[in-house]
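As a plain string of letters, each chain reads:
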Amino acid sequence: MKVWLLHLVLIAALFAAQFLLSPYHATNLARIMVLAVFAMGYNLAFGYTGLLSLGHALLFAAGMYAAGLSAQILGLTAGPALILGILGGGLLAAAVGLLALRTAGVSFMIVTLMFAQAGYLTILYFGATTGGDEGFTLPAASRSIAGFDLSTDTPRFLAALALFGAGLLASLAIVRSPFGRTMVAIRENEERSRMLGYNPFAIKLAALVISGLYVGAAGAAYALLFGYAGASFATIQYSILPMLYVLLGGAGTTLGPFLGAALMFALIEAASGLTSAYLFFVGAALVALVLFAPKGILGTIRERWVKWLP
Amino acid sequence: MALEVQGITAGYGPVTVLNGVNFRAEPGRITCLMGRNGVGKSTFLKCLMGLLPATEGTIHLNGLALEGLPAHEVPKRGLAYVPQGRRLFGPLTVAENLAVGGLVQGNDENTLHRVLTLFPRLRERLTQTAQTLSGGEQQMLAIARALCLNPKVLLLDEPTEGLQPSMITLIQEAVMSLKGQGVAVVLVEQRVDAVLRLADRVSFMLAGRVEETRDVKGLDASDPVFRTYVGV
Numbered sequence: 001m002k003v004w005l006l007h008l009v010l011i012a013a014l015f016a017a018q019f020l021l022s023p024y025h026a027t028n029l030a031r032i033m034v035l036a037v038f039a040m041g042y043n044l045a046f047g048y049t050g051l052l053s054l055g056h057a058l059l060f061a062a063g064m065y066a067a068g069l070s071a072q073i074l075g076l077t078a079g080p081a082l083i084l085g086i087l088g089g090g091l092l093a094a095a096v097g098l099l100a101l102r103t104a105g106v107s108f109m110i111v112t113l114m115f116a117q118a119g120y121l122t123i124l125y126f127g128a129t130t131g132g133d134e135g136f137t138l139p140a141a142s143r144s145i146a147g148f149d150l151s152t153d154t155p156r157f158l159a160a161l162a163l164f165g166a167g168l169l170a171s172l173a174i175v176r177s178p179f180g181r182t183m184v185a186i187r188e189n190e191e192r193s194r195m196l197g198y199n200p201f202a203i204k205l206a207a208l209v210i211s212g213l214y215v216g217a218a219g220a221a222y223a224l225l226f227g228y229a230g231a232s233f234a235t236i237q238y239s240i241l242p243m244l245y246v247l248l249g250g251a252g253t254t255l256g257p258f259l260g261a262a263l264m265f266a267l268i269e270a271a272s273g274l275t276s277a278y279l280f281f282v283g284a285a286l287v288a289l290v291l292f293a294p295k296g297i298l299g300t301i302r303e304r305w306v307k308w309l310p
Numbered sequence: 001m002a003l004e005v006q007g008i009t010a011g012y013g014p015v016t017v018l019n020g021v022n023f024r025a026e027p028g029r030i031t032c033l034m035g036r037n038g039v040g041k042s043t044f045l046k047c048l049m050g051l052l053p054a055t056e057g058t059i060h061l062n063g064l065a066l067e068g069l070p071a072h073e074v075p076k077r078g079l080a081y082v083p084q085g086r087r088l089f090g091p092l093t094v095a096e097n098l099a100v101g102g103l104v105q106g107n108d109e110n111t112l113h114r115v116l117t118l119f120p121r122l123r124e125r126l127t128q129t130a131q132t133l134s135g136g137e138q139q140m141l142a143i144a145r146a147l148c149l150n151p152k153v154l155l156l157d158e159p160t161e162g163l164q165p166s167m168i169t170l171i172q173e174a175v176m177s178l179k180g181q182g183v184a185v186v187l188v189e190q191r192v193d194a195v196l197r198l199a200d201r202v203s204f205m206l207a208g209r210v211e212e213t214r215d216v217k218g219l220d221a222s223d224p225v226f227r228t229y230v231g232v
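If you're matching them up, the sequences are chains A and B in order. According to the numbering used here, the first sequence holds residues 1 to 310 in order. According to the numbering used here, the second sequence holds residues 1 to 232 in order.
Think of the hints as simulated: they come from the structure by calculation, not from any bench. It cannot be assumed that every hint is accurate.
A partial selection of chain B residues facing chain A, derived with a Cβ cut-off under 8 Å [to be verified]: (1) Leu52; (2) Tyr81; (3) Leu103.
A virtual CB, placed ideally from N, CA and C, is assigned to each residue, including glycine.
Can you build the whole structure from these sequences, using the hints too?
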């Protein structure tokens with residue numbers, strides 16, 4: 001009960017934050033919530049199932065372009081475009097997983113990275129449609145849902161919060177379900193799981209597809225809420241970012257992705273104001289993390305003090 | 001008859017480890033596997049579980065062929081395996097480990113009750129994560145988790161290795177209790193006193209084959225068969 005309460009309190013606090021923050025910071029918080037959904041999806045694959053992927057930018061871009069292009073070409077509004085984005089991420093995750101999950105460890109990382117690079121190059125190749133490097137802005141008419149204009153501050157914030165809240169509660173339900181325990185079992189010892197009658201390939205594929213649905217939703221929401229889709233979101237940087245968010249916040253914790261996304265976003269925001277070499281600060285933060293809290297912030301807190309943290 | 005193995009051959013790459021193993025295990029009996037290090041005892045158990053494919057031979061459980069099945073299908077046919085080193089799911093609690101163990105069989109309450117009756121100490125530790133248990137408790141959990149599958153045959157690979165005497169006694173009592181419940185237990189064990197106390201029959205392995213099988217009744221620790229195959 002207290003676990004659910006903790007998550008609901010976070011959602012309530014985020015809801016209240018819109019009344020306290022300036023429009024600029026509220027927009028940043030909306031961006032953080034969408035990126036946290038991205039990280040939640042990554043966390044289900046990596047943190048809970050042990051799938052260290054370097055290809056999640058492909059799934060993010062799949063959601064972004066499925067939503068963005070359907071809005072631009074077909075004139076769909078935000079609701080249907082979001083659904084297409086979610087499906088885009090899930091289907092592509094299934095396709096990639098069917099091939100990539102035949103490998104493991106470093107090979108899996110490399111194969112997923114190759115798929116992501118292929119996706120990035122495909123976006124550039126079909127630049128006439130996708131806008132290539134420059135990307136495209138979504139038509140204003142498509143950025144509305146139930147009569148609310150997502151290009152304005154309050155609806156955008158509430159839409160991001162709704163997505164984040166639904167994603168967070170769903171991820172909590174998943175990891176506390178029998179399937180969630182099986183994901184952890186696979187992560188901990190794949191061979192032992194097989195000895196208990198589980199098919200690791202099927203479970204990892206299911207976890208990757210769920211991860212893809214999350215990441216697709218995040219990509220679609222990013223395009224619809226901030227009005228832009230571009231090839232830069234398919235670069236390796238967007239495969240590494242969710243990994244950093246999860247590692248910083250705590251892999252295998254439900255709240256870690258949000259915490260990691262928020263802290264990393266703030267760090268980059270602050271450091272990029274000081275120098276163009278802001279990645280130096282990101283690197284220093286990661287070195288400190290590895291030295292002092294290798295399980296991430298919430299992972300360390302759970303290990304040392306709050307054992308019940310999911 | 002529970003488990004019947006005929007002429008199993010298997011190995012790792014070009015190296016043949018099992019060289020035509022014949023073996024039987026029957027319900028309500030404990031069959032020990034003994035032999036020096038490297039003769040293929042653990043490899044044989046892995047082969048039974050489908051973790052290592054057999055290149056020749058047959059494995060039947062109650063008349064159903066097991067060889068060639070994917071490894072994750074074997075436990076559903078009634079074989080459960082507790083390997084050396086326990087290999088628990090450390091971050092999961094005792095209750096969650098047991099739930100994961102019984103999920104493919106539907107996690108019925110009777111099975112859980114039976115398992116916790118066998119290992120009452122685990123009942124006191126249900127909310128504790130597996131990685132925080134003592135070595136003996138971890139071994140109990142490893143066996144309990146395998147029992148959640150309701151196996152017909154339980155394969156135990158040196159379950160008391162490295163444990164303190166009080167824990168060894170508890171685990172041996174649990175194994176004897178399983179025998180009373182009609183489970184066929186296959187026990188890899190190196191200690192002669194344990195074999196003489198627990199087993200109904202002992203199969204001695206040498207160079208990848210079962211060379212000799214003897215009823216324990218009539219054997220004692222000074223029997224030359226132990227010196228021949230185990231070196232003690």
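Exercise. Could you tell me which of the numbered hints above are not met by this structure, giving the numbers in increasing order?
Key: 1
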